[in-house]
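Trainee: So the protein sequences, as listed, match chains A and B.
The numbering of the first sequence is our numbering, which starts it at -10 and goes up by one.
The numbering of the second sequence is our numbering, which starts it at -10 and goes up by one.
These are computed hints drawn from the structure, not numbers from a lab.
Here a beta-carbon is modelled for each residue, glycine too, at the ideal position from N, C-alpha and C.
Be a bit skeptical, because a hint or two may be false.
What the hints assert, rightly or not - Partial list, derived from the structure: chain A residues whose beta carbon lies under 7 Å from chain B:
#, residue
1, V79
2, G180
3, G265
4, L267
5, Q276
6, G279
7, L305
These are the residues of each chain, in order.
Number of protein chains: 2
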Amino acid sequence: MRTRVTELLGIEHPVVQGGMMWVGRAPLAAAVSEAGGLGIITALTQPTPADLVAEVGRARALTDKPLGVNLTILPSINPPPYADYVRAVVDSGVTVIETAGANPEPFMEQLKGAGLTVIHKCTSVRHALKAERVGVDVVSIDGFECAGHPGEDDVPGLVLIPAAGDALTIPFLASGGFADGRGLAAALALGADGVNMGTRFMCTVESEIADSVKQAIVEASETDTELIFRPLRNTARVASNVVSREVVRILEEGGEFADVRELVAGARGRRVFEEGDLDAGIWSVGQVQGLIRDVPTAGEVVRRTVRQAEEILDRLSLSARDPQGV
Amino acid sequence: MRTRVTELLGIEHPVVQGGMMWVGRAPLAAAVSEAGGLGIITALTQPTPADLVAEVGRARALTDKPLGVNLTILPSINPPPYADYVRAVVDSGVTVIETAGANPEPFMEQLKGAGLTVIHKCTSVRHALKAERVGVDVVSIDGFECAGHPGEDDVPGLVLIPAAGDALTIPFLASGGFADGRGLAAALALGADGVNMGTRFMCTVESEIADSVKQAIVEASETDTELIFRPLRNTARVASNVVSREVVRILEEGGEFADVRELVAGARGRRVFEEGDLDAGIWSVGQVQGLIRDVPTAGEVVRRTVRQAEEILDRLSLSARDPQGV
C-alpha cells in the first residue's frame, strides 16, 4: 500500500508508531520498522543525549530499515538540553525525526542539512500550515481523540483530517483514534497519506512496559480516559485512575498547577510503566483503547492493519459498483 | 451504493438527512428523498400534531419516495404532547421514524405495529445496545463532533463508530462530522451502513432558513462552535456567537439554568433561522461546517457525496493492489 508518505519515508506500509514517553524504546520501534512501518524512539525517555544514540544503536542491531526519533519540546521550568538531543538525533543516523510541541523552525536548517525527513505533529490546521511554511516534510495531524496533548480546539479527526487535507500541500499522517485497518482505510478515505498509532503499539509484545498496563488497555473502554490540565490550557488525555480524577477535581475547584505538581511528576508516570502500579501516577492513553482487545506483536499489528484496510477497500469498492451491494 | 440500511429503508443511497429543529421541513426532506437519500421532517418544528401531518403532505406532493419524521424527546418543564405527535407520525403515512433523546421503548409497539422502521439516534455504545434490545431497526450513532446534543462521554466518531460496530448486530448509521464523500467512504470503512448529515443539509438551496445562516456556515471554520450546558450535564454544540459565549461564561461562573433560560429560549433560536439575525439566540451547528464551502441543492449534496465516495473507494482499492501506489 503506497502513498506519498511511504515514498517519502522509504517504508512499505503507511503505518507510523507514534512517539510515546516511557514507551518508545528500541525493541518496539525496531519491530514496527522491520514489519514495514516506521518505528519511532522517544528521545526524552533516554536520560541523556548519549543514551539516545545508544538506544538508536540498540534498534539498529534489530533492523536495517528506516527508523525515526520523536522529540517533543514542551514549556518547562527546567528544560532538557533540547539542542543536544537534536545533535544526538543527527549523530544517531536515523533518517526521520518527529517533532512535537513547539514550532521546529529553530532546528530546521540543522535537520534538513543533515538529510533528515521532518514530521511535525500538531493539533490544528493553523499549526499545520505554519509547519508547512517553515519547511517540514510531513505533518502528523492529531485529533481530539488522541492520547496525550490534543490541544484546546477539541476537533476530532473526522473533521480535522479533511480540513487539513483541504489546507495542506505536503503529505500528512492522521493521528489519534487509530488502532486497526478500519481506521487506516478511513484515514486514507479522509485524505491522509497514512496513520500514526500510539496506544495500539503500547499494547504489543515488544512494548517494554509492565504487563498490567497492557492488560488495563485491553480491558478499558473508550470512555475510560480523563482530560487533565484543561483549566491551565495545557490539556492532556490520560488514563482514568485515582490520580487523574483527583487532578481534575483539584483544578476544577480552582487549584493551581503547584497544587497537583507532585501528583503528575514524571517519575510517577514512569513508575506506572516500569512497576505496573496503575495508580502510581498519570499516564497517557487514547480513547482508541476501546477498540484494543489483545496484545499481539508489533509486526502483527502492522500486517493485520494493512491487510484489513485492503480487504475493506476492496469490498467497498466492489459493492459501490455492484447493485447487489455490500 | 447498497448497504443494509438502503435495503431496510428502501432507498438508493446510504445518506440520511438528520432531524433538525426549525430546519427539517418539507422542501428539504422531499429533495433529499427524491435524490435517493432519506429526507426527515422534524416533528416538533410543527406547532401541533395536525401541522405535522400537513407538513408530511406538503413533502408527499414533492416526492413519492420514502420519507421519515424525527421525534426528539427531551426532559422539559412543559413537554409537548409526545403521544399525539407519535400518532400523527403513524397517521402521516411516512415509513420511517427517527427517535432521539429518551428511550423509544414506550412507543415501540405502536410504531412497529404500524409498520414503521425505527431509527434511534444515540451517543454511546451502551445506549445503542439498549436501543437494539428494545427492538429498534437501525441505530444512528452520534459522535462528539455533532451539532446539538453530543452526550457527556465526548467520544468522536473515529472511535465510536467501530466501537458501535463491534457491539451491535443491527445496521447503524454514522452521525456527526459528515459533509461529503470523504466522510461517507470513511464511515463505511469504519463499519457503518451509511451516514446521517445535518449541518451539510442545513446549508442547501431547499433548506427553509435565512440565507445569512447558510452564509455563516460557509464562512465558519471547524473551531467556531461552543459547547453549552456542560455543567448541567445536558451539553449542546451550537454556533459560537455572543449568546452562546455568554451562556458558557455564566454557567462556568456557577450560574444555574434559570440564569440563562431567557438567552436560550426556543423563540430566540427560531428568530435566527427565520429572521437571519445570527446573534438573536443559540442555534445548533456541527464542527463539520469547516468543510462546507457552498450552498448547493440538497439533491446535488446527495449525488456528489455518493459519487465522491465511490471515486475514493475505487482509487484506494486500486492503489492498495498496485505497487505503484496512490
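Trainee: For which of the previously enumerated hints does the structure constitute a violation, in increasing order of number?
Mentor: Failing hints, ascending: 1, 3 and 4.
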